[in-house]
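Asker: Each chain, letter by letter, is given below.
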Amino acid sequence: MADETTPKDQPTPPQPEKPAETPAAKANAAAPTTEAKPAETPAAKADAATPPKPTAPPAAPAKPAAPAKPAGPTPQPWESEMITTLKRQYGSGIKETSTYVGQKYMVVDPTVVDEILQLLRDDEQFDYLVDCTAVHYPNREQQFDVLWILYSFPRNERIRVKTMIKEGDAVTSATPIWETANWLEREVFDMFGIKFEGHPDLKRILLPDGWKGHPLRKDYGILQQDTEWVKINLGIESGQ
Amino acid sequence: MAIAPLLRKMFMVDLMKGLNVTFRYQDPKEVYTEQYPLERPAIAERYRGLPRLNVNPDTGETLCIACNLCASACPEHLIVVGSQRNPVTKRKEMTTFTYDVSRCMFCGLCAEACSTDCLELSQDFEIAQYSRDDLVFDRERLERGSEPTVYTR
Amino acid sequence: MLDYITSYFRSTVTPGQANNQFWALVYILIVFGGVSMIVMIMNWAERKALAHMQVRLGPMRVGPHGLLQPIADALKLFTKEDIMPAEADKPIFWFAPVWVVVVAFTGFIVVPFGVAHAVTDMNIGLLFMLGVSSLGVLGIVMAGWASNSHFPLMGSLRSSAQMVSYEIAMGLAVVSAVLMTGFLGTGMYGIGEGTASGTLSMIGIVQAQQAQHVWFVFKFFPVGLVAFVIFAIAMVAETNRTPFDLPEAESELVAGFHTEYSGLRWSLFMLGEYAAMVAVSSIAITLWLGGWMRPFASIHGPSIAIPFFWEHPELGIVDLVSYLVPAGVLFLLAFFCFFNALRMPKHPAMRPQVIGLWALGVVMGGIGLVLLVPPVRDRIQDIFWFVAKIAVFLYLYIWYRATFPRYRFDQLMRVGWKVLLPVGLGVLLLTGLIGLSPELVTWIKGVMLWR
Amino acid sequence: MTDTSKPGFYEDAGATGTFLDANEMVLNMGPQHPSTHGVLRVILKLDGEKVLGTECIIGYLHRGVEKIAENRTYTMFNPYVDRMDYVASVSNGLGYCLAIEKLLNVEAPPRACYIRVILTELNRIASHQLWLGTHALDIGAMTPLFYTFRDREEILKIFEKYCGARLTTHAFRIGGTQYETYEGFEQDVKKFCKFVAPKMDEYEELLTTNRIWLQRTKGVGLISAEDAIAMGVTGPVLRASGVKWDLRKAQPYSLYEKFDFEVPIGINGDTYDRYLVRVAEMRQSLRIVEQAVDSIPEGPIMAKVPKVIKPPVGEVYVSIEAPKGELGYFVVSDGSTQPYRVRVRPPSFVNLQALDKMVRGALVADVVAVIGTLDIVLGEVDR
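Residue numbers (this note's numbering), protein chains in the order written: chain A, 3 to 242; chain B, -12 to 140; chain C, 325 to 775; chain D, 27 to 409.
Check the hints yourself; a few may be wrong.
As the list claims (entries may be wrong) - If you want a taste of the chain D side facing chain B, the calculated C-beta under 7 Å gives, among others: (1) N97; (2) T169; (3) A191; (4) E212; (5) D214; (6) K220; (7) A223; (8) K225; (9) D227; (10) L232; (11) T235.
Don't read these hints as lab results, they were simulated from the structure. Yeah, the Cβ is synthetic: ideal placement off N, Cα and C, and Gly gets one too.
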């Protein structure tokens, strides 16, 4: 196994400290890696598929993200032998391969994600599934990002595999590939209501079985559940 | 089997070593207990305990300028600052100040936000009250500051 | 009637043997009270000693240094709500703690605290004691069953299996000691001075050690010692103490067989457990550590005479000193009380405690003075040595508890069956072989000559 | 002897055996149980004392930390992370701050990094000490608990003096640390290092060679390196299985590359090896602390971070080597003052998943030992 993992190849090199006070200064200092491409104009960047770009944040007190604001580091294309192989094999199944502040991620099509994960483990030595999680974007057509964070002990490399699915769609479970996916997927199901096909025991894990809704969805209010639960179970008005 | 480990095992040297440690510790000098109400623990200067509103020691006036920074810094939103514009000086003055200690997690963000060193988390750690309502501190209670409990028998 | 009562003072045997019902009853009450007292002191001492081993202070609030803590605990347990699970088997649930206590105390009938200080002496005293002490497991099984709950059930099953396996090793060790009573030689390797039929009487066993001038723990060294160690291990297992406290292993079975018990019932279990600890310690002391005898009981030193105070021409100065030890120990305790009373904080709130400590010191000193009175001294010193030895054992119990982790069930069984049992058998065999070696040699010679 | 460990044995016995071996018992261990370290509930299927299967029911301490994060600003959420793994709150805070710093693309100044390393390593010692005490208590040895708590107290005193709280420290801020070291910090830390080294020998005297301890831990809760990796197990549990992987070495953060330390690994992957690995880790942490406190540089303790933290749109995953394993924060920013999503990758949660694999076929007492050796904190499992 990865007995002698040395910090030879550091996937997350410390970034040069950069002033982040003024938006004007940020636009120029947008290059986190050496082979930086010229910074795009803010308008063009808004069109570029920055993955976690919510068109409008949900009914939260946060102000809507101004399109000109995010002028920090931008995703850079991620090229490597592995990517070439994968792209050759799956073609349009791999929608994007980028690095962001030195962290590599790929966006793949939900139909091929299980094959890619299997391949990443078997051929590319990504033997450790660090985490499986999801993000909810209620205003997008494909509401959910489902992410797998992978790590390879032999390569000392960490990547993220991301796919986007619609509400109600199911993802193929990674449990046959990594056993650890079992509870992680159960948690995603618990919190987001995303179904994993082929999961041995897909049920709620942190919340009680009778819980209504999936709390980490953006349209899930903190108070509604509490109010209702308190009224039903304690017979009093919630103090929240 | 080598003879030395066998002998060690037979004479239970491993167990004796442990017995020796516990026996040595019976020395009353090793006792680490603090007899709490009789001996007060030494509280660090930076300790984040019950909140206090500092007043100017000379004039007795509050240092608070009702800037509301503490309320907006609080993750639990448990500080409510009531303010009023003084018609004479045209300055905002704090009228009421409520601090709900029952929900406080003593993170210290409010005290860090305070620009006049008025709100401070003091070294008072004896927080227990008889009712939850007593834990909602008003201005008067906050300015009175810590009331170290005196124990009598 | 008065004559019937006072006539016992002239006898040097137990009230049972003297057939004095009155004194037998008194002795029963004394033993019951005394053992309960030991249990209470043990309760305090355990918490205190354990605390100090664990760099804590232990009870400090109720009375000076928590001396009244056992009483406070007892009061609390008496007044606690008595909870009986709805699904429990009620009569058995009620009976189990009673059984445990009754059995634990019954064994004390034959424990010889002194040559004349037992309720009675039976010719099968040892057998009676072992039999009664192993009945205690029945109470534990009853408690576990009647609670109708998983953890107690598992605890009681563990307990019964444990008792069965350790009783065998214990029995073998005991038989080896009983065998030694039959070899009449004196000293550690005294052999070839004839044999007699051994005895199962508790007093008889101590008297055998007296006659042979050796505690059996040193007889046929190291055979007696090994037998004693086997017994010492098995007795910890018998009383469910660390490292063999599986039936009540709190980190696994919550509280084992007494999980569902609370208040007074629970305290009865505790009383039973501690009384059983005293009982098995008494067996060990009687069999191997010379019972009521003082250390080096066969050394007397030059004889000395002090009018009215020391008129034992057959005993020497060493005896005089040892006869004064009980009073000396009590004076020492009194001194500690006074010393600590002076060192108490001068806070007015502490005044009752200081006064209490002074009073305790005065009481201790008073008892010490009484113990100097020659008739009292002569009659009481046996008991003192016996109780002192018990205290050593109880301290060992505490010490083990502070130090050792807990065995797992299968390992416990392995220690019992695969280590203690074979070693016990070997010890038994060796005892016989060594004790009978002259006869054996003669026999072998005879066989050879016959050839 | 019948091989009861053969799969399917019990099912067969139920069909063909006598009524004696057809009885299975279901035992609910927890949520109120002395050694489930909080509110873990383990349902055990037992044959006598033998464990046929387990199921963990968790969530009794679920507070919705990830949902809270979405309703707080970046600064405000910082104290909440302390409440996940409350015995290693400094590590939690460090991971969170590093993640947000990554998102902001700033780096803490070296002095802040050194202070962070000292506190984090002290916290690792404290966490391991708490683990050792409670683990030994689970196995029945009472006394190490008090010794370790006494020594942990010294660490907590340093925390209290440094940042004003003992347990939920909130020691670090995004961009550095809030507090400058107090007067006498270095002396306190050095004094602690000198004080605790012989105490660690004492823990070992009590346990390492004790035959009962050896019997209770050797060969118990075995997990092979392959299984450990497949189960995503990290931290000392993984290292005890022989995988030499420590994020502090593999992907150094917070200037860990400047310190000289070793990564202890085990061979067998049993409870005893995990014990040895953790004890060795405590000593290595002491080494790091000593190096750091000797060479702590002067300088600012806070990077230039705007008062209102508004990271650019983006997502990062930053993980650190917490005492329990890999503690990761996956943070999605939408450019506003509040995180769009914070996902915590809790080491305890993932490690706990391996429990079933490790205790199948063992005895009830081993379940307790294995729960102890996994070093779970329910605050982190349930979040």
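Asker: Each hint: holds or not?
Answerer: Hint-by-hint comparison with the structure:
no.	hint	result
1	N97	violated, 10 Å
2	T169	holds, 6 Å
3	A191	holds, 5 Å
4	E212	violated, 16 Å
5	D214	violated, 11 Å
6	K220	violated, 17 Å
7	A223	violated, 16 Å
8	K225	violated, 10 Å
9	D227	violated, 10 Å
10	L232	holds, 5 Å
11	T235	holds, 4 Å
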